[in-house]
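In order, the protein sequence lines correspond to chains A and B.
Under this note's numbering, the residue at position 75 of the first sequence is numbered 75, and the numbers go up by one with no gaps.
Under this note's numbering, the residue at position 72 of the second sequence is numbered 72, and the numbers go up by one with no gaps.
What the hints contain is simulated information worked out from the structure, not anything from laboratory work.
Please note that the accuracy of each hint is not assured.
What the hints assert, rightly or not - 27 Å max Cα-Cα, derived DSSO-like pairs, lysine-lysine:
(1) K37/B - K110/B
(2) K40/B - K110/B
(3) K41/B - K11/A
(4) K41/B - K57/A
(5) K40/B - K11/A
(6) K41/B - K57/B
(7) K57/A - K37/B
(8) K37/B - K11/A
(9) K11/A - K57/A
(10) K56/B - K37/B
(11) K57/B - K37/B
(12) K67/B - K3/B
(13) K67/B - K57/B
(14) K67/B - K56/B
(15) K40/B - K3/B
(16) K3/B - K37/B
(17) K3/B - K57/A
(18) K57/A - K70/A
Claimed, not checked - Have a look at the derived ranges for each label pair, beta carbon to beta carbon:
(19) K40/B - R30/A: 27 to 37 Å
(20) T112/A - L9/B: 19 to 29 Å
(21) N97/B - R22/A: 13 to 23 Å
(22) E79/A - T20/B: 38 to 48 Å
(23) E55/B - P18/A: 46 to 56 Å
(24) R108/B - T112/A: 23 to 33 Å
(25) R108/B - R30/A: 34 to 44 Å
Claimed, not checked - To be clear about the criterion: a stretch of chain A counts as covered by chain B if any three or more of its residues have a C-beta under 8 Å from a C-beta of chain B, and this derived list gives those stretches:
(26) 39–45
(27) 104–112
For each residue, glycine too, the CB sits at the ideal point set by N, CA and C.
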Amino acid sequence: DAGITQSPRHKVTETGTPVTLRCHQTENHRYMYWYRQDPGHGLRLIHYSYGVKDTDKGEVSDGYSVSRSKTEDFLLTLESATSSQTSVYFCAINRGTGGSTGYTFGSGTRLTVV
Amino acid sequence: EDKVVQSPLSLVVHEGDTVTLNCSYEVTNFRSLLWYKQEKKAPTFLFMLTSSGIEKKSGRLSSILDKKELFSILNITATQTGDSAVYLCAVEAEYGNKLVFGAGTILRVKS
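Next up, chain A with everything else stripped away, as it sits in the complex (with noise of 0.2 Å):
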C-alpha cells in the first residue's frame, strides 16, 4: 500500500540467529504497529509504537523487541529465533482518520526459522 514498506518481503533464517524486520512509513504518522498472523488467530499484536522512543507491548511479545528511532522507521527484533516465531508479519500505521484510510496495513513479512 502507498505510504508503507516492509521489508524484506521473504526470509528464511536458523533457529537462534537473530532477526530484524523493517516497516518504513512515508508519511509522518505517530502510531505504528507489528502484528503477527497463524492460522486460526487471525492478526495478534506483537507491540506498537505512539512516537520516536515511544513503544508498548502488545498481547504476544515475549520474544519480540521493537525500536523506533526515527518517525518514519519501525524495526521489529527476534534476538534469537525460534520454529515457533514462523509467521507472517504484518506492520500497520494509523492514519487517525477512521475508515478505509485509517489503519493500513503493509504487504507482510513471510519468515520461517528452520
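Starting from the known structure of chain A, fit chain B onto it as the hints suggest.
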C-alpha cells in the same frame, strides 16, 4: 482483556448463495468495529461501524452493529468465487489506538 470471537471459522458455499458471518466482542470503552477482507496479502478495509442499527452497504456486502448485544454481522449476497477470502473482524477501544482482531472466517465459494 479485549476479545473478539468470529464464527463460523470456515464456510464453504456455492456461487449465488447468501452468507452471514458473525463477530462478537468484549472491549472496554468501545470506539469502532471494523471488517477486513484478506486474500493472501494485506487485509483490505471493508466497513467501519460505530453506531448500532445503521447498516453499511457496499455492493453485495453489508454489515450492521448491535452495541447492546455486542455483535456485528457481515452479509454477502449472491456470492461469487472472488469473494473467497478470510474475513477479519476487529475492534478498537476508545483509548487504545490499536485493533484487536478475531481469528477470522475462511470463506470458500465454489463455482
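Going down the list of hints, with the structure as the test:
no., hint, in the structure
1, K37/B - K110/B, "18 Å, holds"
2, K40/B - K110/B, "18 Å, holds"
3, K41/B - K11/A, "16 Å, holds"
4, K41/B - K57/A, "24 Å, holds"
5, K40/B - K11/A, "17 Å, holds"
6, K41/B - K57/B, "24 Å, holds"
7, K57/A - K37/B, "26 Å, holds"
8, K37/B - K11/A, "25 Å, holds"
9, K11/A - K57/A, "24 Å, holds"
10, K56/B - K37/B, "15 Å, holds"
11, K57/B - K37/B, "15 Å, holds"
12, K67/B - K3/B, "15 Å, holds"
13, K67/B - K57/B, "18 Å, holds"
14, K67/B - K56/B, "15 Å, holds"
15, K40/B - K3/B, "24 Å, holds"
16, K3/B - K37/B, "19 Å, holds"
17, K3/B - K57/A, "17 Å, holds"
18, K57/A - K70/A, "19 Å, holds"
19, K40/B - R30/A: 27 to 37 Å, "30 Å, holds"
20, T112/A - L9/B: 19 to 29 Å, "25 Å, holds"
21, N97/B - R22/A: 13 to 23 Å, "22 Å, holds"
22, E79/A - T20/B: 38 to 48 Å, "44 Å, holds"
23, E55/B - P18/A: 46 to 56 Å, "49 Å, holds"
24, R108/B - T112/A: 23 to 33 Å, "25 Å, holds"
25, R108/B - R30/A: 34 to 44 Å, "39 Å, holds"
26, 39–45, "holds (count 6)"
27, 104–112, "holds (count 4)"
The structure meets every hint from the earlier list without exception.
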